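Take these sequences, add in the hints, and give me the full structure.
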Amino acid sequence: MLVELKSGETYNGHLVSCDNWMNLTLREVIQTSPEGDRFWRLPECYVRGNTIKYLRVPEEIIDMVKEDEHRQRQSGSRGGFGGFGGRGGRGDGRGRGGRGGGRGSERGGQGNASRGRGR
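Residue numbers (full-length UniProt numbering): 1 to 119.
By construction, these hints were calculated from the structure, which means they are not laboratory data.
In this text, all values refer to a predicted model and were calculated from it rather than measured experimentally.
Cβ coordinates follow ideal geometry from the N, Cα and C atoms, glycine included.
Treat each hint with caution, since some may be false.
Unchecked claim - Here are the computed distance ranges between Cβ atoms for each label pair:
#1 Trp40 / Arg73: 34 to 44 angstroms
#2 Asn23 / His70: 40 to 50 angstroms
#3 Pro34 / Arg71: 40 to 50 angstroms
#4 Gly8 / Lys66: 25 to 35 angstroms
#5 Met64 / Glu35: 29 to 39 angstroms
#6 Gln74 / Glu44: 34 to 44 angstroms
Structure representation (structure tokens):
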């Protein structure tokens, strides 16, 4: 994949890992200077997420992911998650026993007036 930084440098390599802050680890990297006239080969590099301007993922990788998602939908699998519908394993996975939202969603503005701290 290609990674362009805000500084203009580019890194082209194989993605090894990515975290929640978009920090990347790349292997077999070719680094290019902002002017595009110098190149370096690096065995591995770490790119801090907040310096990234642009990412380019090869089209064939995107197609592979789409095919995998389609296959998983066809087989009915949930991608390795538990066999119950939502958190807790009972009910319909919507919380509060599936009675709808809070604060008067289906009861004409009553909310939880009959329950609570007695106010």
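Hints versus structure:
no. : hint                              : verdict
1   : Trp40 / Arg73: 34 to 44 angstroms : holds (43 angstroms)
2   : Asn23 / His70: 40 to 50 angstroms : violated (30 angstroms)
3   : Pro34 / Arg71: 40 to 50 angstroms : holds (42 angstroms)
4   : Gly8 / Lys66: 25 to 35 angstroms  : holds (32 angstroms)
5   : Met64 / Glu35: 29 to 39 angstroms : holds (34 angstroms)
6   : Gln74 / Glu44: 34 to 44 angstroms : holds (37 angstroms)
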